[in-house]
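Protein chains: 2
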Amino acid sequence: MTLKELAKALGLSPTTVSRALNGFPEVSDATRRKVQAAAEAYGYRPNMRARSLATGRAMAIGHVIPLASGHEMVNPVFADFIAGAGEVYSKSGYDMLISIVPEAEQARAYEEFKSKGSVDGIIVHAPREGDRRISLLKSVGIPFVVHGRASESDESYSWVDMNNLRAFQRATAFLLDLGHRRIALINGLENMDFAIRRRAGFEAAHDAQGLRHFDDLKVSGEMTEQFGHDRTRDMLGRDDPPTAIIASSMILAIGIRRAIREAGLEMGRDVSLIIHDDDLSYLPNGGDDPIFTATRSSVREAGRRAATMLLDIIASGSDAPRSELLEAELILGQSTGPAPAQVSITEPT
Amino acid sequence: MTLKELAKALGLSPTTVSRALNGFPEVSDATRRKVQAAAEAYGYRPNMRARSLATGRAMAIGHVIPLASGHEMVNPVFADFIAGAGEVYSKSGYDMLISIVPEAEQARAYEEFKSKGSVDGIIVHAPREGDRRISLLKSVGIPFVVHGRASESDESYSWVDMNNLRAFQRATAFLLDLGHRRIALINGLENMDFAIRRRAGFEAAHDAQGLRHFDDLKVSGEMTEQFGHDRTRDMLGRDDPPTAIIASSMILAIGIRRAIREAGLEMGRDVSLIIHDDDLSYLPNGGDDPIFTATRSSVREAGRRAATMLLDIIASGSDAPRSELLEAELILGQSTGPAPAQVSITEPT
DNA sequence: TCATTCTTCCAAACCGCTTTGAATCAGAAG
DNA sequence: CTTCTGATTCAAAGCGGTTTGGAAGAATGA
Numbered sequence: 006m007t008l009k010e011l012a013k014a015l016g017l018s019p020t021t022v023s024r025a026l027n028g029f030p031e032v033s034d035a036t037r038r039k040v041q042a043a044a045e046a047y048g049y050r051p052n053m054r055a056r057s058l059a060t061g062r063a064m065a066i067g068h069v070i071p072l073a074s075g076h077e078m079v080n081p082v083f084a085d086f087i088a089g090a091g092e093v094y095s096k097s098g099y100d101m102l103i104s105i106v107p108e109a110e111q112a113r114a115y116e117e118f119k120s121k122g123s124v125d126g127i128i129v130h131a132p133r134e135g136d137r138r139i140s141l142l143k144s145v146g147i148p149f150v151v152h153g154r155a156s157e158s159d160e161s162y163s164w165v166d167m168n169n170l171r172a173f174q175r176a177t178a179f180l181l182d183l184g185h186r187r188i189a190l191i192n193g194l195e196n197m198d199f200a201i202r203r204r205a206g207f208e209a210a211h212d213a214q215g216l217r218h219f220d221d222l223k224v225s226g227e228m229t230e231q232f233g234h235d236r237t238r239d240m241l242g243r244d245d246p247p248t249a250i251i252a253s254s255m256i257l258a259i260g261i262r263r264a265i266r267e268a269g270l271e272m273g274r275d276v277s278l279i280i281h282d283d284d285l286s287y288l289p290n291g292g293d294d295p296i297f298t299a300t301r302s303s304v305r306e307a308g309r310r311a312a313t314m315l316l317d318i319i320a321s322g323s324d325a326p327r328s329e330l331l332e333a334e335l336i337l338g339q340s341t342g343p344a345p346a347q348v349s350i351t352e353p354t
Numbered sequence: 006m007t008l009k010e011l012a013k014a015l016g017l018s019p020t021t022v023s024r025a026l027n028g029f030p031e032v033s034d035a036t037r038r039k040v041q042a043a044a045e046a047y048g049y050r051p052n053m054r055a056r057s058l059a060t061g062r063a064m065a066i067g068h069v070i071p072l073a074s075g076h077e078m079v080n081p082v083f084a085d086f087i088a089g090a091g092e093v094y095s096k097s098g099y100d101m102l103i104s105i106v107p108e109a110e111q112a113r114a115y116e117e118f119k120s121k122g123s124v125d126g127i128i129v130h131a132p133r134e135g136d137r138r139i140s141l142l143k144s145v146g147i148p149f150v151v152h153g154r155a156s157e158s159d160e161s162y163s164w165v166d167m168n169n170l171r172a173f174q175r176a177t178a179f180l181l182d183l184g185h186r187r188i189a190l191i192n193g194l195e196n197m198d199f200a201i202r203r204r205a206g207f208e209a210a211h212d213a214q215g216l217r218h219f220d221d222l223k224v225s226g227e228m229t230e231q232f233g234h235d236r237t238r239d240m241l242g243r244d245d246p247p248t249a250i251i252a253s254s255m256i257l258a259i260g261i262r263r264a265i266r267e268a269g270l271e272m273g274r275d276v277s278l279i280i281h282d283d284d285l286s287y288l289p290n291g292g293d294d295p296i297f298t299a300t301r302s303s304v305r306e307a308g309r310r311a312a313t314m315l316l317d318i319i320a321s322g323s324d325a326p327r328s329e330l331l332e333a334e335l336i337l338g339q340s341t342g343p344a345p346a347q348v349s350i351t352e353p354t
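Protein chains in written order, with the working numbering: chain A, 6 to 354; chain B, 6 to 354.
No lab work stands behind these hints: they were computed from the structure. Among the hints, erroneous ones may be present.
If several chains are the same, the list does not tell them apart, and a pair holds so long as it fits within one copy or across any two.
[What the hints assert, rightly or not] Here are the simulated BS3-like pairs of lysine-lysine, each with C-alpha atoms no more than 30 Å apart in a straight line: (1) Lys9 / Lys223; (2) Lys143 / Lys223; (3) Lys96 / Lys39; (4) Lys39 / Lys119; (5) Lys13 / Lys121; (6) Lys9 / Lys121; (7) Lys96 / Lys223; (8) Lys96 / Lys121; (9) Lys39 / Lys121; (10) Lys119 / Lys143; (11) Lys13 / Lys39; (12) Lys96 / Lys119; (13) Lys119 / Lys13.
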């Protein structure tokens, strides 16, 4: 059923029917009701492609999720982020277009989005340090919001980010306050912006108290269970092991916990652990009483915020950059405790 | 840059330019080359909305991801499935449209996809027992492929599925052969089709050897780490605990392993564990030498297959149902071993 | 040489909707 | 009884492509 057919069935012109359905004022209430009733009865729904060809608006948002070259890892937080964004889109009648694009083809992907006219705006995922995509998108001239930030030039584009630096600073300070002096950081890949900021927070907390942080206790890599396990095992096996660990994700934490157990130690007593919890729906941190002490910030909420911001930007037409910085909560769980009493192995009295 | 502008710049008609670019034969090689060069130079790309309005093909596939009511869980395997499907789409110039739709609004979502004309086909995720979506989609008359199956009437629609029954049958038989007689099944929600088939396989393996299976060792629920842990803890705490466990996912397995350790037992010696491994990119099963013995089937590959099948169906125009059943490999890991010698507690000799 | 057949290109219609500019009609004002 | 105004409605021109039905020119055959 097309508009034209509906119009004919009603004995009206397409113009009037279109206006009646789209809420324009120059239609009498009587005919509007008649048209709406008929549309309902016939199950008429406007063809989006025709409509957006006519209006110039695609009514769709593109998400380009990068597939890192080499390791073909799909970041598991996308699922929840997208769920959050999707909620917002469907409320506003927008569609969500996703393309998973290898690192090398990103530039082409954005230009295609623009020139093919298939989206009104773009969400940029997983920015790196000095990400070239941002200047690319600005030159392409399509509205976009970055989930996260590229490390420099924060002022000139729109973003939604979690305050990674502050979260890790607080977590680190909390451990320092508990007396820990050798704290390990198990981080994501440090070409990712979020990982850089987290490390900076980790270091800043030490600096603020005039305490040392140790390069050999800072590791970064793909955030898998295995990686968390292996690095923890290595570090706990040393002469001078850490008494606490800060980790960038829940999945890492699971491997870390395993390594702690395998070393015959108890988490929260022998080794403290704070993680960042993205509040993923399929990896809950134990519900009411959290297993891990964590800095928590819902990535699904971030998705909602980013989507809302992008739709606002598109609706307003203004390209004044906006930004939103979400603060993480520090959630107390069972994985942290005071630093164990210092046992000097080498010089017993 | 539009087709018309390009045509004018070349001194040709839009017709000829369109034909030159789309490979129609009624254009001389000389002009075709000229047109292609100019298109390249101007960076011309056809507007997809206009094109698909004219051709009637949307060049997009819709994925409707159900959001179960109540528990707002986003199934983590979607990320990998979609990555696989996305590969295929982008190779064929298709876009991927995703909408995350609450259970209750599924019907409306499909009808909208159809009537709005925004997709040429649909992938159906996470079918339930007797899923109504299938008959709905058939009546709507839009090509679709189901990832999985609805439990009955297998013949009349297209699907790609993993052989859940066979995989769990083999895994169970393997444990029975190792001498295990009390085997637990920690399954996904048993209103999901895949969970039903897995349970059937579990039971069939017992039946085939004339052995009993125990209802109190079969549990099902949301597949979280916590659920795996809690149910395992409960079962190991009983008078007559299982000596082996079969679990439906990697995430469950992580919780199960934790509970085994907490019970002071060793996985692979005191308690054997076989899991199903979807081969998720962010949850690898230990690489070269697998941690868990597992039935493995890549969900990303399933995504590729489903997408390929759907594009084929669309291209062929035939609505003859097709299907593809993927077999899981049985991967030997460190989590299984012979059943521990039967220690009779009550009647020592 | 002239009719015939390809080749190659083009004008115009169309896809389904929105939107501009104008037409129609009823009631108010003069 | 005109004229004007405001409220409704409509015809037609896009939006940017594809596709049908010729038309012009070149090549072929008699």
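Verification of the supplied hints:
no.: 1; hint: Lys9 / Lys223; in the structure: neither (66 Å within a copy, 58 Å between copies)
no.: 2; hint: Lys143 / Lys223; in the structure: neither (35 Å within a copy, 56 Å between copies)
no.: 3; hint: Lys96 / Lys39; in the structure: within (26 Å within a copy, 47 Å between copies)
no.: 4; hint: Lys39 / Lys119; in the structure: between (39 Å within a copy, 25 Å between copies)
no.: 5; hint: Lys13 / Lys121; in the structure: between (33 Å within a copy, 20 Å between copies)
no.: 6; hint: Lys9 / Lys121; in the structure: both (27 Å within a copy, 15 Å between copies)
no.: 7; hint: Lys96 / Lys223; in the structure: neither (43 Å within a copy, 40 Å between copies)
no.: 8; hint: Lys96 / Lys121; in the structure: both (25 Å within a copy, 16 Å between copies)
no.: 9; hint: Lys39 / Lys121; in the structure: between (37 Å within a copy, 22 Å between copies)
no.: 10; hint: Lys119 / Lys143; in the structure: within (12 Å within a copy, 34 Å between copies)
no.: 11; hint: Lys13 / Lys39; in the structure: within (13 Å within a copy, 46 Å between copies)
no.: 12; hint: Lys96 / Lys119; in the structure: both (24 Å within a copy, 19 Å between copies)
no.: 13; hint: Lys119 / Lys13; in the structure: between (36 Å within a copy, 22 Å between copies)
Taken one by one, the earlier hints fail for this structure at numbers 1, 2 and 7, listed in ascending order.
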